[in-house]
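Given chain A's structure and the hints, the job is docking chains B, C, D and E onto it.
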Amino acid sequence: MKKITEEKLPELYSHISQNHDLFVPIDQDDSVNFSLWKDGANVNFDVLKTNTSPKKYIFPQCETFFNFKSEGKKLTIERIKSEEKPYVVFGVRPCDAKSFRLLDNVFLSEPMDRLYEEKRNRGIIVSMGCNEPEDTCFCNSFSILPNSIQEGVDVFTLKLGNKIFWEAISENGVELTNKLSDLLDDVTEGDLKEIEIAKSQVNEKVKELPFSNIDPNEINRDLNELFQSKIWDEISKSCIGCGSCTFVCPTCHCYDIQDYDGNKSGERYRCWDSCMYSEFTLMAHGNPRTTQKERFRQRFMHKLVYYPNNFDEYACVGCGRCVGKCPVNMNITKVIRKLGGENQ
Amino acid sequence: MARIGVFVCWCGSNIAATVDVKEVAKEAAKMSGVVLSTDYQYMCSEIGQNLLRNAIKKEKLDRVVVAACSPRMHEVTFRKAAELAGLNPYLVEIANIREHCSWVHKNKDEATEKAIALVRAAVAKVTLNQELIPGEIGIEKRALVIGGGIAGIQTALDIADAGYMVDVIEKTPSIGGKMAQIDKTFPTLDCSACILTPKMVDASMHPNINLHTYSEVEKVSGYVGNFEVTINKKARSVIIEKCSGCGVCIEKCPSRKTKSEFEEGLVNRKAIYTPFPQAVPNVPVIDREACIKFKTGKCGICKKVCTAEAIDFEQEDTKIIQKYGAIVVSTGYDLIDLAKFGEYAYGEDPDVITSLEFERITNAAGPTAGKLLRPSNNEKPEKVVFIQCVGSRDKTCRGKTYCSKICCMYTAKHAMLIKEKYPDIEVHVFYIDVRTPGKNFDEFQRRAVEEYGVNYIKGMVGKVFPDGDKLRVYGVDALSGDTIEIDADLVVLAAATKAKEDAEELGRKLSISTDTNNFFTEAHPKLRPVETHSAGIYLAGACQGPKDIPETVAQASAAASKAIILLSKSKLINNPCVAKVDETICCGCLECTNICPYEAIASTIIEYRDHGKMIKKLVSEVNEALCQGCGGCTVTCRPGAIDLKGFSNKQILAEVDALCF
Amino acid sequence: MTRVKVNPSNRDKEISRIIEISGENIYSCMQCSKCSASCPANSEMDILPHQVVRILQLGNYERIVNSQTIWNCASCFTCGARCPRDIDITKIMEAIRLTVIRNKGESRIDVDELPEKIDDKMPHQAIVSVFRKYRK
Amino acid sequence: MLLESKENLTIDKEEFKPLIVAFCCNWCSYAGADLAGTSRLNYPANIRIIKVPCSCRVNPNFVLRAFQNGADGVVIAGCHPGDCHYSTGNYFARRRLTLFTSLLNYIGIESERLKVDWISAAEANKFATVMNDVLEKVHKLGPNRKLRDVRWKR
Amino acid sequence: MEEMISKMKKIAYEDLSTKKVDRVIGFGKGDFIYEANPIFISNLEEVDLLVWDLFCVNNLSKYLINELKNYQKIGIFLKGCDSLGFNQLVKDNKVDPDNVIVYGVPCEGMIDPNKLSKKNLLKDLRYLRRVDEKLIIVTKQGEKELIAKDYEYDKCLKCKHPNPVVYSELLESNTLRNSILTDDFEEVDRIEDMNSEERYEYWSEQFSKCIRCYACRNICPVCSCDKCIFDNLDIGVSGKAKVDSEDQFFHIVRAYHVAGRCVDCGECSRVCPESIAIDKLNRKIIKDITEIYGEYDAGLNPSKSSVLVNYKLEDFDPFETSKGGK
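Residue numbers (this note's numbering), protein chains in the order written: chain A, 1 to 344; chain B, 1 to 661; chain C, 1 to 136; chain D, 1 to 154; chain E, 1 to 326.
Chain A with its partners taken away, still in its complex shape:
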């Protein structure tokens, strides 16, 4: 394990950016989002929840499959060549790190998603533990501890005071760490103790959080019963059908495929879609989900029932972004509770 002081971080950033695109949480106009690091950027590790999740680096909101070109009446298809430059996402919280794994389940199982795979392989994930969970955090409900090292991360970091502890996890992580060795110091015994204390403290804090009693395992996962439940009528009432929960969610992964006709050339692209939208699942004959209740139900059945049925994990990591962003304060915690997912 290594460490670096906060003051030296810019040096670390510029070092990493020499060979990588570096993405870090950057504060701009009072809102923090993962963005490309540039010299002088206002990096902010104090805010736990970036507006949108870092999933956009492995599953961008919009990406092109291929271009097509028409000359006269001839049509030619051109595959998109992948960018070679590797990237580093620095500051991925354990919940978001977990979400990458959940997306892997979908995109990296057969049939493989090449675009996803390419992006996933090109990236180095530098995770960062949390010390001060927020009211809206409920990662614990999905057995994600705020300081846990999630599977698939390359480096795990922890910020305590002005020290950032740095632990290489994967081979890629070791390689990156080696490149940065000039900037990183070794940790002391005292440091390790400090880490231990911090970890146990945060685990206690998590138990005190408002959502700590949420437990999706308490939900009776009888598909038919849940699907037919009257509860959906009631809890979907206030949903206004926007896609903010979906688009800030680190685990949502539905997309739409569209063509753009750009005159002499066009492209086929995919873009995030939301099951909350009225035209989601629109087919030639019409739409099987005609009301917001059905769309609402779909989103949460997917996260809490369908996905777990396939992968034995919930498609939610308790990051709490949707809790903060929903215009009408409806969110998955309320749904879980209504469905009985609560510890007494």
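Careful: at least some of the hints might be erroneous.
[Stated by the list, open to error] From the structure, some residues in chain B lie toward chain D, with a derived Cβ separation under 7 Å: (1) Lys509; (2) Ser513; (3) Thr514; (4) Leu590; (5) Gly629; (6) Cys630; (7) Ala654; (8) Cys660.
I should point out that these hints are in silico values taken from the structure, not numbers from a laboratory.
For each residue, glycine too, the CB sits at the ideal point set by N, CA and C.
Coordinates of chains B, C, D and E only, in the frame set by chain A:
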């Protein structure tokens, strides 16, 4: 996939000299959907059209683009040609490569490039064109004439003579209008009543004419060929069918305090009255505001004396709803109020009168039995001053900016009438300009000056100053620069004409527009002078602008012939490029109904089945017969539910895209 | 009578100034002579108000400035109130008078001399307006 | 002003050929453009006209699409207020476009790039003048990159 | 506040039990002190869930569209800004006012949890109340007195109609705020003062943040189309790609579609997960309308047609270069 044929016209050298037509045709052939692309010297010629027709048949073209002159020139030609070849005419588009290209650009490369772009846009549009079939609408073979003056009477007689039913609505108790008030007519000085009364009688006797006097238009809905009009027939309190017109009721009526409208307030009339002896119908009406019976409940003398038992105090307003194919508006004009012209002392001194009051005074059937007497003392005046342009050609808020057109002639007439009866009376006319265009008009005015010795003074009157028995008129002769003072006995003001106060309101009911002076607007000032922008509604007489009698009658017959042309058709074909609503998208906000100038969009409730449940939904609905295809509604519609056939959102976007090639 | 060159389109500098100062459109006049007929001072005038306007239209500034009319105008505003063409002849008269005065330079006050002239009676607005006008 | 600009145009012609999309109402401005043709008045070939029934048919979407796809300027021309063939169409268009042009300007689109004018069927000269004027101003501004859809290839 | 809650409960209980209404839409308490949620009540037992506090920021009126499909007569609590939206829904024929009983609630201004959070006041917040212009909060650390204005939603600071403009019953309150009728558009002026390049940069940056979640549209009381043009790819005006031109297109067209209809409730900006200054577009149009066509009155009178479906002959004409000649 569409099978589009592109035909590039040379227009001799008109296009070919500046645009490389071969190149255009070559490029067009590469465009998506184009299966045939060719050029020809004169596409509009017989041979050119044959080329088009044969190609449609031989190549099984389902869409055609002709790159030629403006669609305003030959769109119809090529669409007809396509139709002859069995293609729906609306599957033809024109690329305007002459007026918009070869004639305005000099550089051949640039012009050719642009011509290709214009063809590309036309191809892009035509790909999205759909077959359009004009609708047909039936026509109600009945006309409505609003206003029963000379214009309305003439229109009604003409239409009735053509064999169609006509209803005439007149607001006052009798038809006749302003012309009935007038004594003599210029330039022939024949008696107005003598020529008008027979026409009034004709109208009342005509089997095809139905008079609704003392009635007003309440509501108009529908569209050309199928108007539905609600007429409010005000309670006359006298049963027309029973009344014999004996006049005893009028004679016995004790109420005598109301000023006579027909006599311009110079004398009073009874509460039960006919406006004038020759009134048509010659049936009295009870003015309920003046009638003692209605005011106090006591009286009822008229009912007692009426042997025909025609008096009915209980009568109520009745509504008549009738369908019409055509409407002619002939509501006439009024004179402006002279209250703002304090310097002329009108209303202050009884001897200052308007020209219309003068008509009554000089009329043999008028209050003075035709004798020229001063209203103040019933004595013969010695000096009479006429002042023209009182409020006409006046840019201020006091008057009207336009020339009232009739004043020069009737003032000359009045002056002449005085001189004829009383050669000893001195007559002075103040004028700014004398305007007498018209057959025998200038000769008429000159006769007043040269033969009758009327003193015309170019200049205006600054003040009319009542001075004891006399009216001191201060004026100026602009030509000599002399200031003039006349001790007059009678001053006659040629007040400006104006549109009827309620013209705008009627215009709204009919959806026809009025100009800044509230005269109804014709569809085109030169070429469509009696039509309005609303199909099936025509204008006659002074409601469209100041007019004299000959012009009014001419326009009335013109409006009648337009109405007859319409009524004589068995069906109307409407423009198929109209708006249509996609009910599945329409959100029922009905904003589109607010902007439609033709009230062609209405709301309706549709029912549809959704998951086994019947759902009612409010949506807009376009009446294709009323829609003229402006497309304003399409922009108002946020979700894009209402679109315009022939100029759809997708078609225009395709054109934009094609031009940005 | 003197013979004048008539060229109404070529607006004389002075005429343009009169139009500018008065803010009235002299070309709106159609010579109805209502102003002259209404004028209480018309008997004292050598050129009647409507003729003044006509002469201005013709561009004969000399004839106007040499007339008595402009000085005999009582500025009663009757002409303007009655003019059917919405021309305020009083303002034109005043504008003509101003051109005469200004051409003599009489209405100009040297700003430097101003402080001496200021006394309690002078309205402040007048001082400000002088500054505004002649600052440049 | 105009003469000067024409000189400029010839100088820069090679480098920048602006594309102007003009929406003309069928009854006045399109006819005005026709008359410009009949009168052999000259205006630059970069102006491409789309016929619409009335200025009130022009949806702001069309304007945006033109800018997206590479138009350097857009013209909307209709009958003079009061002369609308459909009697009131251009009054609505006037309000819509007053707000829309102002909104686009607020977003940073130079006001010279979206020109609205009233051109009657008789005003061939005005048509040519307006088109020359728009082109001159757009030329001065240079190619438009704002609102541009990078995927649209010209 | 407590007084208001009891009034709300009373009227809801009364109207539900007398069958004057068969549904009540109001606010219920959320998971946090700083959270209030829309609740839908049909049973008398649920009336007790009604709350009124400084976080009842949502406009409930848009729920009427769907609720009226299933209920005959609905009682709804509306604040000043909500009532403007309600009127607009009536005008757009989305809601039949005969089937609605509006309980008007005067509003003191709502508190923005984000502003509290920025000052670290959200954590361990136990209690909070407003006394006139003061905000009293109690946290673990004890009681604190703050200036309420510093913590109100931006939209509340500019509120013109704190009191409902339409209601069947007004729940009177002694903390009535006055309507502020002057509007300075200071934030619009600031953008107008930039040159066109700066403006474009500013807006490009704003728009590029957009994730197209459509929260701004869906929360908007005047965006009530059954099928929004942006949900209808078939119409061919816009796609779903995340490219600048599409984002710009969406925001320009959204603003234009609410032109003259926007009730300036500021909900669009409040709900934007990316904090895009959406209301500055709306307010630019409102400013233009105010300056050109007179006082802006969207939402005040549902029977009056909006600016863009109206005209006057003498309207300001920014386009006329020379008079035409027929």
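How the hints compare with the structure:
1. Lys509: 15 Å, violated
2. Ser513: Where the cut-off is 7 Å and the nearest Cβ of chain D is about 5 Å from Ser513(B), the hint holds.
3. Thr514: Violated. Min distance 11 Å.
4. Leu590: 15 Å, violated
5. Gly629: This interface hint holds because 6 Å falls under the 7 Å limit.
6. Cys630: Constraint on Cys630(B) satisfied, holds at 4 Å.
7. Ala654: 10 Å, violated
8. Cys660: 4 Å, holds
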